[in-house]
Structure formats: C-alpha cells, structure tokens
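**Student:** Put together the whole structure using the sequences plus the hints.
Number of protein chains: 2
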Amino acid sequence: MRATVMYGAGDVRVEEIPDPTIVEPTDAIIRVTLACVCGSDLHPYHSMPASEDGTPMGHEAIGVVEEIGDDVTGVAVGDHVIVPFAYADNTCAICRDGFQTACAHGGFFSGAQAEKLRVPQASGTLVSFPADTDESLLPSLLTLSDVYLTGYHAASMAGVQPGQTVTVIGDGAVGLSAVLAAQQMGAGTIILMGRHQDRTDLGRQWGATDVVAERGEEGVAKVLELTGGEGSHVVLEAVGHMPAYEQSYGVVRAGGVISRVGVPQYEKAPVGFRSLFGKNVTLNGGPAPVRAYLEAAIGQVLDGTIDPGQVFDREVSLDDAPEGYRLMDSREALKVLVRP
Amino acid sequence: MRATVMYGAGDVRVEEIPDPTIVEPTDAIIRVTLACVCGSDLHPYHSMPASEDGTPMGHEAIGVVEEIGDDVTGVAVGDHVIVPFAYADNTCAICRDGFQTACAHGGFFSGAQAEKLRVPQASGTLVSFPADTDESLLPSLLTLSDVYLTGYHAASMAGVQPGQTVTVIGDGAVGLSAVLAAQQMGAGTIILMGRHQDRTDLGRQWGATDVVAERGEEGVAKVLELTGGEGSHVVLEAVGHMPAYEQSYGVVRAGGVISRVGVPQYEKAPVGFRSLFGKNVTLNGGPAPVRAYLEAAIGQVLDGTIDPGQVFDREVSLDDAPEGYRLMDSREALKVLVRP
Numbered sequence: 001m002r003a004t005v006m007y008g009a010g011d012v013r014v015e016e017i018p019d020p021t022i023v024e025p026t027d028a029i030i031r032v033t034l035a036c037v038c039g040s041d042l043h044p045y046h047s048m049p050a051s052e053d054g055t056p057m058g059h060e061a062i063g064v065v066e067e068i069g070d071d072v073t074g075v076a077v078g079d080h081v082i083v084p085f086a087y088a089d090n091t092c093a094i095c096r097d098g099f100q101t102a103c104a105h106g107g108f109f110s111g112a113q114a115e116k117l118r119v120p121q122a123s124g125t126l127v128s129f130p131a132d133t134d135e136s137l138l139p140s141l142l143t144l145s146d147v148y149l150t151g152y153h154a155a156s157m158a159g160v161q162p163g164q165t166v167t168v169i170g171d172g173a174v175g176l177s178a179v180l181a182a183q184q185m186g187a188g189t190i191i192l193m194g195r196h197q198d199r200t201d202l203g204r205q206w207g208a209t210d211v212v213a214e215r216g217e218e219g220v221a222k223v224l225e226l227t228g229g230e231g232s233h234v235v236l237e238a239v240g241h242m243p244a245y246e247q248s249y250g251v252v253r254a255g256g257v258i259s260r261v262g263v264p265q266y267e268k269a270p271v272g273f274r275s276l277f278g279k280n281v282t283l284n285g286g287p288a289p290v291r292a293y294l295e296a297a298i299g300q301v302l303d304g305t306i307d308p309g310q311v312f313d314r315e316v317s318l319d320d321a322p323e324g325y326r327l328m329d330s331r332e333a334l335k336v337l338v339r340p
Numbered sequence: 001m002r003a004t005v006m007y008g009a010g011d012v013r014v015e016e017i018p019d020p021t022i023v024e025p026t027d028a029i030i031r032v033t034l035a036c037v038c039g040s041d042l043h044p045y046h047s048m049p050a051s052e053d054g055t056p057m058g059h060e061a062i063g064v065v066e067e068i069g070d071d072v073t074g075v076a077v078g079d080h081v082i083v084p085f086a087y088a089d090n091t092c093a094i095c096r097d098g099f100q101t102a103c104a105h106g107g108f109f110s111g112a113q114a115e116k117l118r119v120p121q122a123s124g125t126l127v128s129f130p131a132d133t134d135e136s137l138l139p140s141l142l143t144l145s146d147v148y149l150t151g152y153h154a155a156s157m158a159g160v161q162p163g164q165t166v167t168v169i170g171d172g173a174v175g176l177s178a179v180l181a182a183q184q185m186g187a188g189t190i191i192l193m194g195r196h197q198d199r200t201d202l203g204r205q206w207g208a209t210d211v212v213a214e215r216g217e218e219g220v221a222k223v224l225e226l227t228g229g230e231g232s233h234v235v236l237e238a239v240g241h242m243p244a245y246e247q248s249y250g251v252v253r254a255g256g257v258i259s260r261v262g263v264p265q266y267e268k269a270p271v272g273f274r275s276l277f278g279k280n281v282t283l284n285g286g287p288a289p290v291r292a293y294l295e296a297a298i299g300q301v302l303d304g305t306i307d308p309g310q311v312f313d314r315e316v317s318l319d320d321a322p323e324g325y326r327l328m329d330s331r332e333a334l335k336v337l338v339r340p
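Protein chains in written order, with full-length UniProt numbering: chain A, 1 to 340; chain B, 1 to 340.
A few of these clues could be false.
Unchecked claim - Taking lysine-lysine and the DSS-like style, the derived pairs with C-alpha atoms no more than 27 angstroms apart in a straight line are:
(1) A:K222 x B:K268
(2) A:K268 x B:K222
(3) B:K268 x A:K268
Stated by the list, open to error - Which residues of chain A face chain B? A partial, calculated answer using Cβ under 7 angstroms:
(4) I94
(5) F99
(6) E230
(7) G255
(8) Y266
(9) E267
(10) K268
(11) V271
(12) F277
(13) T282
(14) N284
(15) G286
Since the hints were derived computationally from the structure, they do not count as laboratory data.
Built from N, CA and C at the ideal position, the CB exists for glycine as well.
**Tutor:** What follows is the structure, encoded as structure tokens:
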C-alpha cells in the first residue's frame, strides 16, 4: 500500500510499504477514506533527526473496516468508523474515568496517512457512524479523530461555565476548535489570541468576541485591559511552546484555569508563587481522550449543531501528502485533508 | 508592646516595639490572645539574610478588638475574632469568587506573634466568635487562622469525592490538617506520607488509612502498590520542596489532581509530557483563602465536629517565642502555641 513516511525534518515521502495485517486478535484493519495533517506533525517536521528507517506518519482518520481479529466485538467488516488518535481498551479503570489516552493497554497511532491502518484494541477504540452519511459531513467527522475534540477537551477540562471569559491562545485548527467548544459551553466572552486574519475570521464566526493579535507582554496587557484588569477565568492553550505558556499565566484570573492541549515542547515551566501558586491558578489538560467524547460529538455533527470540518481549507491526494506538510508548515493552509 | 522579630536565619528575638495604631479608617487594632509559629516561618528561619532592621513575625492569631477605624463595620470593640493570615476587602470580584488571598486591596500579615496587631481591611477580614467560647476550643479556633484551613483548602481545591484515594505528602501540621479535611469530605483511602510516628499517629486518628514512611522513588513505589498500580486520585502536597512535588506527580493517577498548599520553594518544575501533561493531571492550590471557609469551620469547631487544635503539642509565652521556633525547627514540636 501507499503510505506517508517521515525520514527527518522536512523530509516526508510517500512510499509503497507492506499492507498491515491482523497481529493481535483484538486488532482491526481499516481502509482509510480520509486522513489529514496535524499541527503536532509539524514538531517532527521541524526537528526530527535524519533517519534511514523513517516513521509512518498520521494519527487522524476515518475509514471502513476491512478485517477484524477473532476477539473484536462491537464493530463489523464494512462499518464506517472514526479512529481516535489514541487506541484504548475502553474497559479499564482509567478508561472508565474518561482518560482513555492513559489506558494501560493503549497507545498513540502513527501511520494513518496511508491507504490502510492497523487498529489495536479495535473494540474499545473504533466508533461507527452511518454508512449513508452525507459526503459533506465527512470532514467534520474526521475532526472528531483529534482536532475538534482536542479543542473540546481543553474547554471540558477547564470546566467552562456559562458567562465566563475564555481566552484561547493560538489560531491554529485546535485553537479555533477550542473557540467553538467554548461557545458551545456558553462562554460569555471569548478572546482569541492569534494574528492570521483568515483564521481569526473563522474564530469570530465560531464565537470569538475579541481578537488580540499582539503577543508577549503586549498581548497580556491587551487581554487584561479587555477583562477590566482581572484576567480571564479560563485560558485554553493550543500551541505548546513556552511563550504561549507564559502568556497563559499572564492573562489568567486569580482562581482561574489554564487548560493546555498544545503538546508541550518543554518539560519544566514556572509554577511557583509568581506564576501559578500565588494566584491559586489551576493548570490542567493533556492528550485529549477523544474516545470519551465521540458518541455525543458524532450526534452534534450529524444534526448540524457543529461544523468543525471548516478547519480544512486544502485537500491533497495521498501522493501529495508531502505538499500537505509544506502547505501547513508555511501557513498557506490551516489544515490539510489527505484523501487516499 | 512586646513582639517577635527575626533578624536573620536562626535569629529570632522578642523586643519592645511601638504599639500599632490605626493608619487607615478601615483598620482595626486587636489584642492578640493566642498566636503560633507556622511551618512557613521556618523558611526564613533557615534562609533569611542577616538584617539590622528585622522583620516582625507571625500571621496566625485570635484576639479581641481594641480599636476600630471610622469606616469599619461588622466588628466592634470587644469582639473576639479570628484573624485570617491574609487580609482582604471581601467585596471585590476576586473575593466574591472565593480567592481572598488574591484581593487587590489585600495582603499577607506579618507581626501577629506580638501583643497587638494592626488589621487592615478589618471589615472584610475579621470574623467574630462567641466571647463565652470554652477555653479548650480556642486552640482549634486559632488553627482556622491558617493551618487547618490551609489543609482544608488543599482538599477543597482538589475536589475530593467520597470514596476517592487521597495521598497526603507531609506530616507537618498542614499535612495532618489535610488528612482531617479529606476524611471530612469522605475520602475512602487516605495515604499519609511521613516518617515521624508521633505525627502519623495523629494522622491515623484523623483518618489516614495507610502511612508510607519511605520517600522518593521508594515512597512512590509503595503508594502505587497500595493503589493497585493506578495511583492516587488526589495528592495533597503540604511541604513545598521539589522532592515533594516530584513525589506528587509520581503517585498521582491519570486524570487525577495534585493540590499544593506547601509554599513552593521553587519557581520552575516539571509540567510536560512526562510529568503532568501525558497523564492529564490537574495541578492547583495556592495560598488558602481561609476567609472563604471561616464561618462554616467555626461552626464545626464549636459543635465538636472537628478538633484541629490537636496539632499544638507545645505552648510558650511570647517571651519564649524564639524557643518555639527552635522546637519546631528541631521537630521536637509539631506546632507551637504562643500565648502573649
């Protein structure tokens, strides 16, 4: 089959590799009908050391079940399914708590930008949607694999309450998704920190009441001004770099919440008296357990409540996946759909 | 009046200094009837650079109102009152949110280990208790000035749910108070990490179901063993040093909460994928807004529901306050009452 493989920073190729096969009786094989490029794929695209082996890329997909192992229940060959970016048994204590991304039998996908994908723990991982779903809704269903529900997870962990002020840091697809999720939860004011007008325009369409293009101290001052000096009840951090973290504790209100879903590109960060502790700030977030949110979100897409597929502004064939990376890296595209 | 003044690490003196006077019309002057030495007083006791000026010490007190400024309402001369360790107007938006330690018109007390104390923002800060309260309950009321309600704040911010597993790090007076608070909230298992048996015995009396004397990796392994490998839903960190922080993220369950009330003696700490983010751990806590909890807690002390005054195992006169510091620093005493 054809698959997208990264060999180092900036070096993405589409190659013929062996078809995946059932390895464990809990596996399924799906034929990928839609995949995409994630903002987090750009981290290795910037920094991956050159390697002769290469890494199959991609962790977001919808597809059709082609084959299932002997122990797979709940999904059948021919089912149209969403593949969460992390697989999980969905039965252990941690999964039952709703944190499937930390399942002891789970892991993160790699290799979804391909014609086929092996899905471990298929019973716990895959969720079906109707085979006759209108083609126009498929991009939105694909966003439930990661991007929209990652934005949603940020807002969910922050516990956004109706009327609250929410600041979203980052105007990438996850940040815009966080705006949409905060709006769904009834946030009163949504301040989007971003400086790409085509993106912040979509953010406004999805509920952002204010856009702050400034960054750093200037951006912090602007948000404080917009919040009467008190700061934001909730900050949704959808970037993952230290300046975004620093902005977060700069704009958060005393007693407020910083919820992070941008994968941190740092390990240590300020948490002491001058940053979090003195203001009784809550810091949370992590890899989104999208499996926990899937059924409800599929319903919202199918009934038209949300249309998160608008984040896709470009589409490429699988063979053009490297161009998809380039388009996202250069910010010519917000998010690129890959159609195998 | 006589007052306790610190001039540098290990150098605490009791001296004659001018009586405090009303400075702002919102001030009150109280005669201190009971004060005490706090674990956080030991931080400067270890590290304060020598100074000719000296710093008046102490931030926990109960007393009797001697004088009030023209704008003070709600408390009257002669009232018996609890002094929260932070003063606040208790009317601003942040106070109304319940985070009085971040009040824009507030601040932290210093100088309560003395015969008298000036209380700014007296209307918002002081809470009265009945003048005829039995003498035996006064130490427990004194703990509502800081130590018990700081332990309570840890458990409150963590949102301890009935049946949950709670690990308390630190067997000082705040840690033991956190055990008592977690027990009040219905925690199912309370693991106390501490190695002073006289202290952990009080912890067991207050609800600790397990005591782990080991520290570091060994202590983490023990807690994981006690929790079936899953870790603790809630960790209450009552120390403030980096090893306690490291233990916290070592023992916390995926999706769990680390609530800190030990004043951090660090600014930066691990928060990335390997510590907090990967497990979707929530980090919160800060200086306890004890004012928010006072009325309810006074009721619990007066009706005998809780008896947090048991943390006091030594009493000294004001003139012997330096000996009180020595007793706590050497761990001969858990917490020392100072009676002016």
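**Student:** Which numbered hints are broken by the structure, listed smallest first?
**Tutor:** none
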